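Novice: Sequence:
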Amino acid sequence: MEAVKRFFSSPRFAVAGASNDTNKFGYKILAWYHQHSLPVTPLNPRAAQISLPSRTYDTAPSPSALPSPKQTSLSVVTPPPVTLTLLQEAHSVGIPAVWLQPGTFDDGVLEYARGHFQAVIAGDGGMGGEGWCVLVDGDDGLEAAGVKWTSQRL
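UniProt numbering puts the first residue of the sequence shown at 1, with every later residue one more than the last.
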């Protein structure tokens with residue numbers, strides 16, 4: 001839980017793999033941050049904006065385009081080969097903490113992440129059967145980190 005507390009202690013968040021497709025986890029995870037009134041930037045190199053019913057977010061194409069990467073925790077919703085390249089860039093710009101959603105990593109990605117970030121949430125654990133997931137474990141993580149949030153409509 002220490003890694004989760006560190007992750008949520010950042011003043012900003014980003015979602016790599018954010019999507020306009022409401023069926024994809026990249027959309028659902030961005031929506032979770034929005035619903036919790038957390039400052040979030042979607043990362044998507046092919047879409048200039050991601051639209052939720054109540055708000056449209058401008059995207060950043062990559063971690064290096066974030067306004068304050070050293071103050072941003074990164075949720076990752078990309079396939080393992082993309083995730084490794086993404087993490088290398090995220091590390092190069094000083095992102096301190098990453099949350100690798102189930103299915104986004106393999107052993108090599110996990111090894112890289114654990115060697116290069118202050119906090120890594122990934123793999124076994126959490127309350128869901130698939131491992132750590134923002135959608136399942138995020139509320140408890142916010143509470144553990146002492147983050148005050150207000151619910152916002154999607």
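Calculated from the structure, these hints are not laboratory results. There's no promise every hint is true.
[Stated by the list, open to error] Quick list of in silico lysine-lysine cross-link-like pairs, PhoX-like style, CA-CA up to 25 Å:
| # | residue 1 | residue 2 |
| --- | --- | --- |
| 1 | 5 | 28 |
| 2 | 5 | 148 |
| 3 | 70 | 148 |
| 4 | 148 | 28 |
| 5 | 5 | 70 |
Remember, it's a predicted structure, so these values are computed and weren't measured experimentally.
Novice: Could you grab the alpha-carbon distance between residue 5 and residue 28 and see if it respects the 25 Å cut-off?
Specialist: Measuring from Cα to Cα gives roughly 21 Å; hence the hint holds.
Novice: Measure nothing beyond the straight line between the CA atoms of residue 70 and residue 148; if it is 25 Å or shorter, mark the hint as holding.
Specialist: Between residue 70 and residue 148 the Cα gap is close to 21 Å, so the pair holds against 25 Å.
Novice: Next pair to validate is residue 148 with residue 28; report whether the Cα-Cα distance is within 25 Å.
Specialist: 21 Å, holds
Novice: Need the status of pair residue 5, residue 148: alpha-carbon distance at most 25 Å?
Specialist: 13 Å, holds
Novice: CA of residue 5 to CA of residue 70, is that 25 Å or under?
Specialist: The given pair, whose Cα atoms are some 16 Å apart, holds under the 25 Å limit.
Hint compliance for this structure: no hint is broken.
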